[in-house]
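Chemist: Every letter in the sequence shown is one number past the one before it in numbering that gives the first Met the number 0, and letter 178, counting from 1, is 177.
Simulated from the structure, these hints should not be mistaken for laboratory data.
Some hints here could point you the wrong way.
Unchecked claim - Straight-line alpha carbon distances no greater than 25 angstroms define the calculated SDA-like cross-link-like pairs of lysine to any residue that follow:
#1 K218 - E168
#2 K192 - Q224
#3 K191 - K164
#4 K76 - K230
#5 K230 - Q163
#6 K1 - E29
#7 K164 - G241
#8 K1 - W129
#9 K164 - W129
#10 K26 - N65
#11 K192 - N222
#12 K6 - P38
#13 K164 - K218
#14 K191 - E231
#15 K6 - P79
#16 K164 - R51
#17 K121 - K76
#18 K164 - F190
#19 K246 - Q163
Everything numeric in this text was worked out from a predicted model, so none of it was measured.
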Amino acid sequence: MKTINSKTVLFVTGNFVSNLGWATWQKYFEEQGYKTLAPAWPFKDGSPADLRAAHPNKDIASLRLNQVVDYFENVIKSLPEKPIIVGHSMGGLITQLLLQRGLAEAAVAIHSVPPQGVITTKFSFFKATWGPLGLFTSANKPFLMSFPQWQYAFTNGMSLAEQQKAYDENVIPESKRMSRDGLTSAAKIDFKKAHAPLLFVAGSTDNIMPASLNHSNYKKYKNSQSVTDFKEFEGNNHFVLGLPNWKQTADYILNWLRN
């Protein structure tokens, strides 16, 4: 059984949202004795309101998956120890790619975007990802999720007031190139390769990254002899990091790291 000795946690943000969404998680993990960091992606440092006001930003539009993974690799190489990497959504895919590069002491993929070749036929996935991919629109203009798209993809099941507050506090423009790269070889994982312990977390009411899709991703690793685990939470949508019960998810992850 592998003991996880690292006390450094790198939180990796996903598409469409600000890194500031990790603030309560950082505080909570630090209270448990961890050092944490949740850096903004390149060109995304700033408040969500300011980033929305500056839309469209050509630098954000230019972002690519390999570029962001390399950026996080450089962050990791500046740390005093190999971190535990915890990523949400596209951050979950980035986490898997960093794990594949041997850069994690352990890794947690929360409601993760799948690697290349892991697919679903669920309608909600296609409905929620159609706008962000913008397949018949120019990639030179970044994508800013509308409030109705946010309600469906992230905050389904929440009250209108909660949805609006979450939108105002989190939503930022996103690169269409970045979203499209998730379908290409830039998102390729060698599932047979040995890796540090990896936990997948899913939610039963997530429209954009359904639990069944996360479970398919998890099962792909079964050829490897490495520790790979899966946990689905009943009633959690894609806004899992900011739900009232976020501590339930955080505590499960903390216990998994300890045990």
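Chemist: Output the numbers, in ascending order, of every earlier hint that fails for this structure.
Modeler: Hints 1, 3, 4, 5, 8, 10, 13, 17 and 18 not satisfied by this model.
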